[in-house]
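Given chain A, put chain B in place with the hints provided.
Quick mapping for you: the protein sequence lines, in order, are chains A and B.
Per the UniProt record's numbering, the first sequence runs over residues 1 to 642.
Per the UniProt record's numbering, the second sequence runs over residues 1 to 354.
Hints in this document: simulated from the structure, not taken from any laboratory.
This list has only true hints and no planted wrong ones.
From the derived model, a few chain A residues whose C-beta atoms are all more than 12 angstroms from chain B:
(1) Ser225
(2) Asn327
(3) Leu377
Derived PhoX-like pairs: lysine-lysine, alpha-carbon spacing no greater than 20 angstroms straight-line:
(4) A:Lys335 / A:Lys138
(5) A:Lys343 / A:Lys134
(6) B:Lys27 / B:Lys14
(7) B:Lys10 / B:Lys65
(8) B:Lys172 / B:Lys295
(9) B:Lys141 / B:Lys295
(10) A:Lys569 / B:Lys279
(11) B:Lys74 / B:Lys119
(12) A:Lys569 / B:Lys141
(13) B:Lys156 / B:Lys115
(14) A:Lys147 / A:Lys323
(15) A:Lys336 / A:Lys147
(16) B:Lys279 / A:Lys555
(17) B:Lys203 / B:Lys6
(18) A:Lys569 / B:Lys71
(19) B:Lys346 / B:Lys271
(20) A:Lys600 / B:Lys6
(21) A:Lys555 / B:Lys271
Beta carbons are placed, not taken as given, at the ideal position from N, Cα and C, and that holds for glycine.
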Amino acid sequence: MGAEVSSCLQRYSKQEPLLLVRTRTRTRTRAELSCAVRLSWTFSYFLLLLLLLLKTMEFLLPPKPKPKPDIHALLVAGIPRNPDLTNTNTLRYMSTLMPFTMTSLMNLWDFKRDPGMKKAGSRRSNNGGLWVDKHKPKSLEELIVHKKKVEEIKLWLKERLKPSKEEEVRTLALVVRGPAGVGKSATIQIISSHLGARLCEWNTPTPTLWQEHIHNSTSGKEYTSKLDEFEIFVETIRKYPSLSFSCTGGPISPCVLLIDDVPLTNERTALGRLCNSLHVLARSTVMPTVIIITDYSKAESADDKSHYFDVLQSSLESAGACKVTFNPLTINSIKKTLTRICKEEQCHVTSEQIDKIAKASGGDVRHAITTLQFLSLRLGHTISSSLIDPTTSCSNEDSEVNLLDDGFCLPFGRDETISLFHALGKFLHNKRDASVTTFENNVFTLRERFTRLPLMMAAPEMVLDQAHGQARVVTDFLHENVLEFISNDAIDDAWSVASYLSDADNLLGIALPWSMTRKYEAESIVQSVAASVAVRGVLFGNSHPAVSRWHSIRKPQLWLIEHSALRNKVGTLLLVRRLTLENLMANVCVMATEYKPTYKWIERNVKECLDGEKTEENECRMEELDEMEWRSCGKSDEIEDW
Amino acid sequence: MLWVDKYRPKTLDKMMVHEDIALNLKKLVTEQDCPHLLFYGPTGSGKKTLIMAVLRQMFGASAEKVKVENKVWKVNAGSRTIDLELTTLSSNNHVEINPSDAGFQDRYVVQEIIKEMAKNRPVDARGKKGYKVLVLNEVDKLSREAQHSLRRTMEKYSASCRLILCCNSSSKVTEAVRSRCLNIRINSPTEEQIVRVLEFIGKKEGLQLPPGFATRIAVQSNRSLRRAILSFETCQVQQYPFTSNQAIPPMDWEQYITEIASDIMQEQSAKRLFLVRGKFYELLINCIPPVIILKRLLSELLKKLDAELKHEVCHWAAYYEHRMCLGQKAIFHIEAFVAKFMSIYKAFLIATFG
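Bound-form chain B, shown alone:
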């Protein structure tokens, strides 16, 4: 098991970051009825960990006994029935799904699952009717229609079903949904917090950390705790005992994008563009999201770029990122961005060096 999973705090009390939020959540769950919750924040900030801990707080240890199943939902959509296959993770008291996996049929999923959950409400020992919790991941990737239908069902079944929504950016969640939830923003942990966690893990694992090493990992992790722990473990596998100037290996795809960036800077031609396309394909095969590719590529390019050009290049990157979201096939837009960059850069080189 990876350290990320191994040292994930199981209860709200044991949280090492966001202690205040954890405390508030604990109060909320123990003292009164829990409203719908919407967790949002950047990746690797601990949303999932908090959600798991909240569930544990609600239902006790039974929340951890989960089973994974591929369930087929039969949905009645007007005149026809749609079969949707979706992976769910469920315990007695909660169900977790990625509704965006269903693609454009996500709205049916949301409605149907909530309805089904409402049908069989759990009854606790004292005969009081309890509620189930539905955890929806990546709510920001839900389509508009799905979010609208979510809003309606949230109200209708609020007695029997609580929702915990989880997403990166709340701006992509509709106002209506947001106003029906308790919004909890989870910030990225600060570097000091990350260092503290790393040192904690190091102590548990019995490792000797040279001074400044944890800080370097924290800096490179871009304030993502998950990232920091993963690269910490990678370092340990790569070379232990640590040396204070040990290189922290980047993720392979990041290295690859750095390579692409230097390819682009070296030569600006149709042939090179074709070569670069092949490399993008390589990344896409490995399921690296195109938006992340574009972002990373931009930051790599900006590192080596003259200040004069940065503004324009950023503009075009944003432009093509937007179009990527509108379009169907990401490679078209990434390639258009690269071509534009090449064209700008070549013009710049000619103007400067003749």
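With the rest of the complex left out, here is chain A:
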């Protein structure tokens, strides 16, 4: 049964897109295939009619150059992972199911595609598929992953694949974690084939669409979530370990289980279940199991998704799994790969462009290769020149710097994100290009006190965009930290910075919720203007930056202050209500400024009478110390000077 389920799972994932293409019904399992056959019979008669109609129309219309129907390419595009299997499967299923409508269907399919797709398909078949697949590393030497990591995984796998004679307790699970496109799966595949082990994958089943779900539920088929299926899978492996993968016949080669797509869960209980089943898997597996976790959006701060993966990882590690973390690939290794591919494909991409692609890819080799293919597809000299031509009005050198710095100007750039702290560091350190001494580029001649050296970064707004900086947060952070970056004597600078921050705060005040009727767009404009004012104000105002040294960027104290002020406010009101029995509404302002100090005096005096030696001075200090201590625990989040 275990074998059946797992093989079904495997076939299942391969079949699905196929069935969708073929019959246009949403059949999913063998049980429904008979129904599908019936449907497809009626459908195919209809198609024959249609075909006749088309043939007659072809006589009337001028003949078009009809591209060769290319079901291989299309199917390969549908299922990028094991293409050989699917091709044969496709044909077999096609021929068994619908022997004579196949060609007509292919015609129809071809006919229905828009011309662009057709072209892409045929092109790809000519060139032999996606370069990402085509130039997949085939040997250990071709891998551009860091040697040490490869070696580590290799060693691990080798050790685990050796038949263990004595009953020692070893962990058979490995967590490979890293950002997208750094070659996690490729490394595992190559290493396992290098070691002569078969790789068994658990591929995620294709997700069920909502309409599909509706359709299924009316036809009486029950919906199983990805998580359920994963749990069943884990259960199967646990119960029937020897059956699962070794009964397929032939010589028994060692097996490595690869779990590439861990199901994504959204809520707490589901996450708990997932953690649990991963835990079970890591504990009970008898063959080496590699679990790949892809990090998304690590740069985006305050995202709970990265935390999500941390939870998964910790649950796996608690089960004794080993851990290997992949870092983004270096630019040089990506460049090397790109050059190699260029040579093999004989396309003419200049080394300069390769350089740019590599830089813009952010350590994602898959992205870089796809970009290269895209570029070589449409590569006329027009594009290549437009790449280099600056679209902005700044001089050539400037644009060069910009291009390299952020990758925004590239039409193929992967939008890189940076963390908020990185952006804040850029703003606060205020690095400027001291080599430029003349300002001949400026349209206006400025007075000397208004001129500043050019910034050594992209436009501040772009940096803000990249960091996903919200205006309020950015302004608060800048306000908290900017004073330490201003030279101690430059009080004029401090004032101009403070005045710009005050401007920004005023702008933010406009977007308060009592303008609820206002459109959201207007508010967001105000927000971005405010952020821009704050950032540029800090950059402009700080004309005498402090000597660059290690600074920690603090979280705004203001947030804590506001919070505790609110608490104190409530506290004051309660206190006053308890103490005065007067039928008056308490006015916070009056209470805080007049009543409370008096109470303090009176209470303090009473206390002093009780224990005479404590002086007020002392007490005052104590209170302050307490306050300070309490506040200092809010400090965190430090970054280094770079």
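This is chain B only, laid out in the frame that chain A set:
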């Protein structure tokens, strides 16, 4: 109980300051129907005391039996309902609220409460329908929208509900609201009046007041009666019997601001600015309103300042006070003011002493 509350006159007859106003109010309430009232004047001048006395005059001793409750108002605002929690102080005949506590949703509060009050009008013994009184504090802090909606509801429900509004400055109340009310300005009591009240309290408490002592308290209180009585009591707690040259302790936050001012005068640098910011935070934690901080700071700075600079410094203080009202976070603006002051003062020092 503090003396401020203990010796608060309960009826209009017993008023020791603003006797004339009290007399007029008494006539107004007893002889004819009472219009909407708007009391305005500086803090510590006796607005609240007068209001309480007027209520007592209207409804008798039952006005003093109040209960405090946190009420949740369900407001229908178009498509959704808003839940607003607000502390109310109410007797059978009146309700007192601070509508500005509701923040930007204050307009709903005003409308809703008045409507609800209008629904259940009290009926007196003779079967005549009476009215309820709604006391609104800090009307000047109400948003424009709330004041507009107030204007409409005031007219609509005037038969069943009287409003008594209370605020510091009538200039922040819209013309429309002002013209629908009887405006009563409550001046700050003069120093002689304050001295008289202090002496009265002293006599009641059986204290010996050295000559000139009450006058000194009155002078330092800045003509706020509440302030004077509070510091009088503080003095008594601190040291009794009084001596004629006894120091009158300032409020702790005022002392703190004096400290800040001397910090600022001592050194003008980014580091000092940072230090000062921390001290402002301390004040803000203790709920001292930022406007008051800025005002006090300005007056402390002006004390030690060369006459030449006073004008400019005042200008900037006013500028940043205005921006503080427009903006969201007060510390930004206070700090900008301090930085500006430092910059002016430093330039001045360099120009004068080289």
